[in-house]
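One-letter residues, chain by chain:
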Amino acid sequence: MDILQISEFGERLITLMAAMVLVLQIAMVGQRSLVMNIRLFGAQSFLLGSIAAAIAWYNHAPHIYVAAVMTILVKAILVPILLERLVERIEIQHEIAPIVNVPLSIVISGGLTLVAYVVAESFYRPEAHAASLGHNTLAVAISLFLIGFFMMINRRKALTQVVALLTLENGVFLAAICLTYGMPLIVELGVFFDVLVAVLVLGILVYRIRESFDSMDVSKLRRLRG
Amino acid sequence: MIWAVIKVLVQTALLLLLAPLVSGLIKTAKARLQMRRGPGLLQTYRDIHKLLRKDMAIPTTASWLFHATPYVVFLATLLAGLMVPIVAADTPVGLFGGVLAVVYLLGLGRFFLALGGLDTGSSFGGLGASREMTIAALAEPTLMLAVFTVAIGAGSTTLAEMVRVAIGQQWRFLAPSQMLAFAALFLVLIAETGRIPVDNPATHLELTMIHEAMILEYSGPYLALIEWAASIKQLLLMTLLIDVFWPFGLPQVLSPTGFLAGLGWLVAKLALLSGGIVLVETANAKMRLFRVPELMAVAFTLGALALISTFLF
Chain R
1 MDILQISEFG ERLITLMAAM VLVLQIAMVG QRSLVMNIRL FGAQSFLLGS IAAAIAWYNH
61 APHIYVAAVM TILVKAILVP ILLERLVERI EIQHEIAPIV NVPLSIVISG GLTLVAYVVA
121 ESFYRPEAHA ASLGHNTLAV AISLFLIGFF MMINRRKALT QVVALLTLEN GVFLAAICLT
181 YGMPLIVELG VFFDVLVAVL VLGILVYRIR ESFDSMDVSK LRRLRG
Chain X
1 MIWAVIKVLV QTALLLLLAP LVSGLIKTAK ARLQMRRGPG LLQTYRDIHK LLRKDMAIPT
61 TASWLFHATP YVVFLATLLA GLMVPIVAAD TPVGLFGGVL AVVYLLGLGR FFLALGGLDT
121 GSSFGGLGAS REMTIAALAE PTLMLAVFTV AIGAGSTTLA EMVRVAIGQQ WRFLAPSQML
181 AFAALFLVLI AETGRIPVDN PATHLELTMI HEAMILEYSG PYLALIEWAA SIKQLLLMTL
241 LIDVFWPFGL PQVLSPTGFL AGLGWLVAKL ALLSGGIVLV ETANAKMRLF RVPELMAVAF
301 TLGALALIST FLF
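Which chain is which? The protein sequence lines are R and X, in order.
The first sequence runs 1 to 226 under the numbering used here.
The second sequence runs 1 to 313 under the numbering used here.
One thing to keep in mind: the hints can contain errors.
[Stated by the list, open to error] Here are some chain X residues pointing at chain R (derived, C-beta under 8 Å): (1) Gly168; (2) Gln169; (3) Ala297; (4) Leu302; (5) Leu305.
What the hints contain is simulated information worked out from the structure, not anything from laboratory work.
Glycine included, every Cβ here is placed at the ideal spot set by N, Cα and C.
Given the sequences, and given the hints that come with them, work out the whole structure.
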């Protein structure tokens, strides 16, 4: 029997990849190096694209392949390259200085995951069709969301906040793809375009902040008050 | 009765003989990966043989603790080894609480090692002991969380039962809780065996030593016993990982043909896991001591998530 045809295997595979996405997210909280953070984001996006491809394969929904390919192209390759070039161009120090120290941040992320599971539990309807996939991955998606917010709050530098925002966006994508088995293609395309433009605009913004303040510390922006 | 004795003897012999081989394999593979020739596969056996024939230099400040430590460490580790399934699912010795006993027998060994390090009053011994206990205190909760994750799935803390359940379930290794527990346990393995991001087993610089600093005063046969015990402990933790997460090919009861098959699978899986350790050791630099708690926090969170997700998925 062909292993790729068994839907139970597919479901397990998707849940496993979702769990790995979550592990990468926690690794990003724990990682201090900025470049490494960007690469972890790339890996996370690649896994996300693989999840989309697996869903397309097991649910016979060919239009999700487009979303999968777009995810890998845009988020796993293009965005990390853009961000790394930005890091090189503005010659910042490569160490992230979080507000809460790293071990505590990681434990907080674990707690946020727990919250996400509790939240996802309330959406769980056992009688609904294909509930288990939505149930597991929705929890992961919500945790990506919460941890993404936490990372944004926890970091001072503008560029690291951009990375956190992107992981948050990954969470939204995961939730969308797992609950609806793919939105209409035009919506997906719009979202990707949105992400790309957001990265470009934020890149320019970060560069300008750095030019005017000699720092990327967003708390310096308070000085703009008259 | 005789059969039980034979099982104990076979497993003891396996532990004693296989452990230095695994250490040698990791050392050689690491050297090859770094484009060095490295020591041969049998170097660890030669080292132990050489140390066993040498005289000992015993510090004048040493008390009976210093003399007792090597034996306690060696025997505790060996006893723990007899409770882990190596070539067959049923273990020769099954004492109180299965895997819990294994974990805390290893803990007993570590406790005595720390005492032995402190006993001579040398500053490096105290330094090593304090560092070792710090890391152990961080690694132990993670180890217990990962073990409980698997034990809940199996409904028992006996290793034989855990392996039996694990063999019975298809696709189980794909479950997120198993995956997370595996990752957590792998980090614990690296911390407990003193591998590179945490400790450097080949270091000659006393200030960065952890395990080596603690046993700096030992020489001759005592050192041989401690080194041997350390390699058995490493084999033990690796086998624990293999038993719980990739148990396929492990026979239920010990029989001559099953023994060979089980041994073949075990060696293959040990080689695979050693390969993973070698890659981690080569790709990473040693962490600063104060960064180690961060790594252990990651491991702890993974373990906690694993335990939580057994209830949820």
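A quick look at each hint next to the structure:
1. Gly168: violated, 16 Å
2. Gln169: violated, 11 Å
3. Ala297: Holds, because the Cβ-Cβ distance from alanine 297 of chain X to chain R comes to roughly 4 Å (cut-off 8 Å).
4. Leu302: Constraint on leucine 302 of chain X satisfied, holds at 7 Å.
5. Leu305: holds, 6 Å
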